[in-house]
Amino acid sequence: LSSLPQEIVSGESEEESSGVNLMEFSDEILLHILSYVPCTDLVLNVRRTCRKLSMLCLDKSLTHTVLLQKDYKVNKDKVKQLMRDIGKEIYQLNMAGCYWLPSSTIDHVTRCKNLVRLNLSGCHVTSLRLSKMLSTLQHLRSLAIDVNPGFDASQLSSECKATLSRVSELKQTLYTPSYGVVPCCTSLEKLLLYFEILDRSREGFMLSGQLMVGESNVPHYQNLRVFYARLAPGYVNQEVVRLYLAVLSDRTPENLHAFLISAPGSFAETGATKNLLDSMARNVRLDALQLPKAWINGSGLLQHLKFNNPFYFSFSRCTLSGGHLIQRVINGGKDLKSLTSLNLSGCVHCLAPESLFRKAEDDIDSSILESLVVSCCNLRHLNLSAAHHHSSESIGNHLCQLLSRLKHLLSLALPVCSITDVAANVEKPPTASNLVPQTFGRKVRIGIQTYPRNLADQKIESSVFWALMGSLRFLETLEIIGSSFSSAMPRNEPAIRNSLPPCVRAQSVGDSEVAAISQLTYLQSLTLAQLPNILTGSGLINVGLQCQHLRTLSLANLGMMGKVVYMSALMDMLKHCKCLRDLRLEQPYFCAGAQFFQALSHCSSLQRLCIVSRSGTLQSDAVMSFMANCLEVIMCHMFMGESLTVCKNLQQSIVRSFQADRPALNVVIFPLLHEDLTEVIRDVPMRHLDEITLFKSRVAEEPPNLWW
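With UniProt numbering, the residue at position 536 of the sequence shown is 536, and numbering never jumps.
Hints are supplied without guarantee of correctness; some may be wrong.
[What the hints assert, rightly or not] Okay, derived cross-link-like pairs now, DSS-like style, lysine-lysine, Cα gap no bigger than 27 Å in a straight line: (1) K73 x K563; (2) K60 x K88; (3) K190 x K132; (4) K78 x K88; (5) K76 x K113; (6) K88 x K161; (7) K337 x K306; (8) K306 x K293; (9) K78 x K52; (10) K88 x K113; (11) K274 x K190; (12) K80 x K113; (13) K70 x K575; (14) K407 x K73; (15) K70 x K132; (16) K306 x K359; (17) K407 x K80; (18) K70 x K60; (19) K696 x K80; (20) K113 x K132; (21) K70 x K88; (22) K73 x K52; (23) K696 x K359; (24) K132 x K52; (25) K359 x K337; (26) K293 x K337.
[Said to hold, decoys possible] Between beta-carbon pairs, the in silico distance windows are: (27) R285 x K52: 50 to 56 Å; (28) G323 x P490: 29 to 35 Å; (29) D676 x N498: 18 to 24 Å; (30) E28 x V373: 51 to 57 Å; (31) S165 x S54: 39 to 45 Å; (32) L545 x N275: 32 to 38 Å; (33) A628 x R285: 33 to 39 Å.
In short, the hints are calculated from the structure, not lab data. No residue lacks a Cβ here, since even glycine has one placed at the ideal position from N, Cα and C.
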């Protein structure tokens with residue numbers, strides 16, 4: 001009942017003197033209000049309060065789609081009661097990431113006889129349970145599941161296979177080499193594959209990418225319109241995805257309009273994949289494209305591929321030059337008004353006419369960026385991170401000035417060195433703070449200038465970045481990431497002990513640029529990494545005060561590496577972040593003490609906390625007090641410099657004290673540089689690992705609305 005104002009629950013208003021009673025509002029208005037309440041609360045609590053709410057809470061507009069994916073308070077009993085009360089009214093059920101629910105919970109889904117869409121990604125489902133459940137869901141057309149070790153397709157009943165034969169959308173996350181249920185889905189139009197297979201077992205044995213015996217059935221791709229594959233690092237994932245692609249290389253579906261493969265590192269092209277791409281160039285017209293960099297680099301593929309009304313392109317980490325981008329993709333500025341999402345992350349030469357003799361740090365060609373902006377004027381998501389995009393001194397041609405024309409942008413990722421004023425870098429001699437080496441270790445204090453706490457009075461409105469932020473009023477996601485930044489916690493590898501220094505052009509970026517971000521009134525997600533000139537962090541206070549919709553905040557390696565210079569400002573900022581749900585901090589020598597956690601306790605909506613700190617310290621009592629005060633927190637990940645004993649004791653204390661009241665509680669406290677860190681990481685639920693624990697750029701990472 002806490003989800004609703006008391007006047008709705010009781011049917012009475014505290015403002016009776018003004019004659020206002022919410023129960024007198026129209027049904028349409030009340031239904032709109034109730035749509036913001038979790039379905040479990042509506043059905044199990046709110047509808048029992050009065051006759052009118054009892055009727056409204058069971059309205060089809062509220063029961064047609066049930067979203068449990070981030071309802072961290074839901075448990076097995078609530079799901080059971082929910083399915084019993086409204087199971088027949090549910091047409092779409094999303095339980096993605098409900099890792100804390102026992103596998104027996106899935107049995108209650110059988111009550112939802114009319115289900116059309118079902119998302120069970122991240123849930124514990126065995127082959128037998130899946131078979132029993134799907135046998136009763138004859139109307140199912142969209143399905144998302146995990147395939148874990150021990151999955152056996154031979155245990156699927158004929159009724160289950162009949163249901164799968166009618167499924168047109170399948171999302172499958174693989175933790176073991178397998179086709180999963182793909183061969184049973186003979187009517188597939190959309191196939192999303194997430195490969196999370198580790199190269200080694202827990203016992204240390206090398207795994208093979210060959211499929212298990214009995215899984216030689218061939219997938220059916222003849223009706224396929226969308227093929228998407230995302231690979232975690234590791235050679236086994238590459239081996240298995242090649243088996244999925246082998247069928248496509250024999251016969252390319254004529255209706256294929258989106259082909260996307262996201263693969264980290266090197267994923268070499270083979271004869272089969274070359275045949276597939278050649279066939280695509282001859283037979284299909286695409287609307288969305290993403291390929292491994294080795295498949296694009298040095299080939300003339302883009303010149304031959306045909307596009308219809310493209311809405312998504314990703315050339316992440318490719319050596320594609322700006323000249324090729326304009327000529328082969330943008331087609332001289334024609335037919336690209338449909339493009340809404342573009343990922344050029346790590347594409348270091350994409351804003352230069354050619355890449356043969358160019359250095360990565362050379363100035364960009366503003367005419368290429370201008371062509372991009374003019375041609376793709378409806379872009380909503382743009383990622384230019386992980387590259388050195390240095391603007392020249394030409395007036396009016398700065399990257400920020402050109403990007404300000406993209407009025408529809410909702411999310412943007414930029415390298416730190418791209419937002420600095422060229423004139424300021426040229427005319428301004430390096431300050432003492434800029435000369436401090438950006439490496440680990442204790443630093444000598446050399447005359448750090450005192451900066452005002454509030455930057456609103458400083459004359460920074462003339463900067464190009466300030467103007468850019470002022471022009472993108474509706475931006476919801478912003479990432480400013482150092483071009484040489486790498487997280488101390490890469491996936492499937494030991495923690496990184498050293499970091500590369502920031503770009504020279506980025507040395508002046510600091511507090512005033514952060515203050516400029518405070519103009520983004522509708523900002524929901526902010527990532528700042530490797531901003532060298534953070535001296536006090538005062539700009540963070542402005543963001544906390546002005547960006548009242550902020551839900552996700554990620555800060556990494558700000559200012560001097562040997563000291564957390566922005567701690568005081570961060571604590572002031574947190575006192576204003578009432579909507580903040582996710583906080584990730586990565587900073588050497590971070591002290592997670594009583595004062596920090598007291599400030600963090602003001603974030604009453606906080607659900608997930610992750611701190612990564614080489615040589616960082618924590619106070620166990622302060623952590624326990626924080627967990628007791630912040631009742632919504634269900635994830636606490638801390639990778640610090642404390643001993644294994646301290647970390648284990650604190651983790652056990654948190655679990656013992658709070659697990660009973662917080663079924664979704666996930667706690668990992670572990671030494672950052674411990675040799676067993678990768679083993680600990682593999683047990684983290686994929687939802688948390690992918691969304692917050694691991695650092696990465698998320699802007700235009702996938703096509704918009706890839707899955708419902």
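Evaluated hints:
1. K73 x K563: With Cα atoms ~38 Å apart, K73 and K563 exceed 27 Å; violated.
2. K60 x K88: holds (11 Å)
3. K190 x K132: Holds: K190 and K132 sit about 24 Å apart, inside 27 Å.
4. K78 x K88: holds (16 Å)
5. K76 x K113: Holds, at roughly 19 Å.
6. K88 x K161: Answer holds: K88 to K161 is near 22 Å, not above 27 Å.
7. K337 x K306: The given pair, whose Cα atoms are some 16 Å apart, holds under the 27 Å limit.
8. K306 x K293: holds (19 Å)
9. K78 x K52: holds (23 Å)
10. K88 x K113: The given pair, whose Cα atoms are some 6 Å apart, holds under the 27 Å limit.
11. K274 x K190: holds (22 Å)
12. K80 x K113: Between K80 and K113 the Cα gap is close to 15 Å, so the pair holds against 27 Å.
13. K70 x K575: Holds, at about 24 Å.
14. K407 x K73: violated (39 Å)
15. K70 x K132: Status holds; Cα separation ~26 Å.
16. K306 x K359: violated (31 Å)
17. K407 x K80: violated (47 Å)
18. K70 x K60: Roughly 21 Å between the alpha carbons, so the hint for K70 and K60 holds.
19. K696 x K80: violated (37 Å)
20. K113 x K132: Since the Cα atoms of K113 and K132 sit roughly 13 Å apart, the hinted pair holds (cutoff 27 Å).
21. K70 x K88: holds (22 Å)
22. K73 x K52: Given pair K73, K52 holds - Cα atoms ~26 Å apart, limit 27 Å.
23. K696 x K359: With Cα atoms ~25 Å apart, K696 and K359 stay inside 27 Å; holds.
24. K132 x K52: violated (38 Å)
25. K359 x K337: At roughly 31 Å apart (the allowed maximum being 27 Å), K337 and K359 break the hint.
26. K293 x K337: Judged against 27 Å, a Cα distance of about 25 Å means the pair holds.
27. R285 x K52: 50 to 56 Å: For R285 and K52 the Cβ distance comes to about 53 Å; the hint holds.
28. G323 x P490: 29 to 35 Å: Holds - the Cβ-Cβ distance for G323 and P490, about 33 Å, lies within 29 to 35 Å.
29. D676 x N498: 18 to 24 Å: Given a distance of about 21 Å, which is inside 18 to 24 Å, the answer is holds.
30. E28 x V373: 51 to 57 Å: violated (41 Å)
31. S165 x S54: 39 to 45 Å: Cβ of S165 to Cβ of S54: about 40 Å, so the range 39 to 45 Å holds.
32. L545 x N275: 32 to 38 Å: violated (58 Å)
33. A628 x R285: 33 to 39 Å: Given a distance of about 58 Å, which is not inside 33 to 39 Å, the answer is violated.
The earlier numbered hints that this structure contradicts are 1, 14, 16, 17, 19, 24, 25, 30, 32, 33.
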